[in-house]
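Chain Y: place on chain U using the hints.
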Amino acid sequence: GEKVEQHESTLSVREGDSAVINCTYTDTASSYFPWYKQEAGKGLHFVIDIRSNVDRKQSQRLIVLLDKKAKRFSLHITATQPEDSAIYFCAASKPPVNTGNYKYVFGAGTRLKVIA
Amino acid sequence: NSKVIQTPRYLVKGQGQKAKMRCIPEKGHPVVFWYQQNKNNEFKFLINFQNQEVLQQIDMTEKRFSAECPSNSPCSLEIQSSEAGDSALYLCASSQHRGGDTQYFGPGTRLLVL
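So the protein lines, in turn, are chains U and Y.
Mind the numbering: the first sequence is residues 108 to 223 in this note's numbering, read in order.
Mind the numbering: the second sequence is residues 44 to 157 in this note's numbering, read in order.
Chain U extracted, bound-state conformation:
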C-alpha cells in the first residue's frame, strides 16, 4: 500500500526565515496531498493542499510544490512567525473513484520551531 515519508522530523528556523518540509510518496495513483498543522493537545488543522493536476499552489505565506515524477511534495512557509511553531503532517489520498480505498496516509510529522 501507499507509504508517505516525511523527511524532517524536527526543523528550527529563525523568525522571518523560510521553512521547508519535504514528503515523498510511493503510490502513483495518489492525487491529493493535504497538509495539516497540529498544536499541542489539539486536533489537526487543515492548512493547504495540492492536487496532481497542478505543480504549485500558494496561499498567503504557504506554498506547496508537487513533483509527480519524483513523487515528492513540499511545504514552504515563508516569513515564519513564532505562531507557526507546531507539528506539520503531510498526507496522500487517492481520487474519489471506486477504488475502495479512501483514507489518508500520513507522514510521521515535522516539529517546526520558529525561534524569535
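Think of the hints as simulated: they come from the structure by calculation, not from any bench.
Think of the CB as a built atom: it goes at the ideal place given N, C-alpha and C, for glycine as much as any other residue.
Among the hints, erroneous ones may be present.
What the hints assert, rightly or not - With the C-beta cut set under 7 Å, the calculated list includes, among others, these residues of chain Y facing chain U:
1. Tyr53
2. Phe88
3. Asn94
4. Val97
5. Leu98
6. Gly143
7. Pro150
Frame of chain U; chain Y shown alone:
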C-alpha cells in the same frame, strides 16, 4: 476552521471496560473518518462511513471496535474491551467526498486506558 465536534475530549477507562466516543461531522459532509493517533504521532485509519454505510474498515475495527453513523444522531466509535495499547488520540474527520478531498478534523478524544 473545522466545525467537527468530538465528545468527550478526555476519557479514562480501566482495561476491559467499554470506551465510547462521539463525533458530529460538519453540516453537509456525508463522509466520516475515524483515525487513531498514537503517542509517536503515527496515524492508523480505523473506519469510514458515507451517511450510514461503512465504506472501509481495518481488521482491528472489525474485532473489538464498533462504529456507527445513525441518521440524525452523532457518529460513534466504541471499543468493547479496552486494552492499554488503545490509549491514543482518536480523531474524527468529515468530508464532502469519499476520497481525494479535504478532511476536516475535530479536536479528538484522548483515551487513557489504565
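Inset, instruction - Determine which of the earlier numbered hints do not hold for this structure and return their numbers in increasing order. - result: Those not satisfied are hints 1, 3 and 4.
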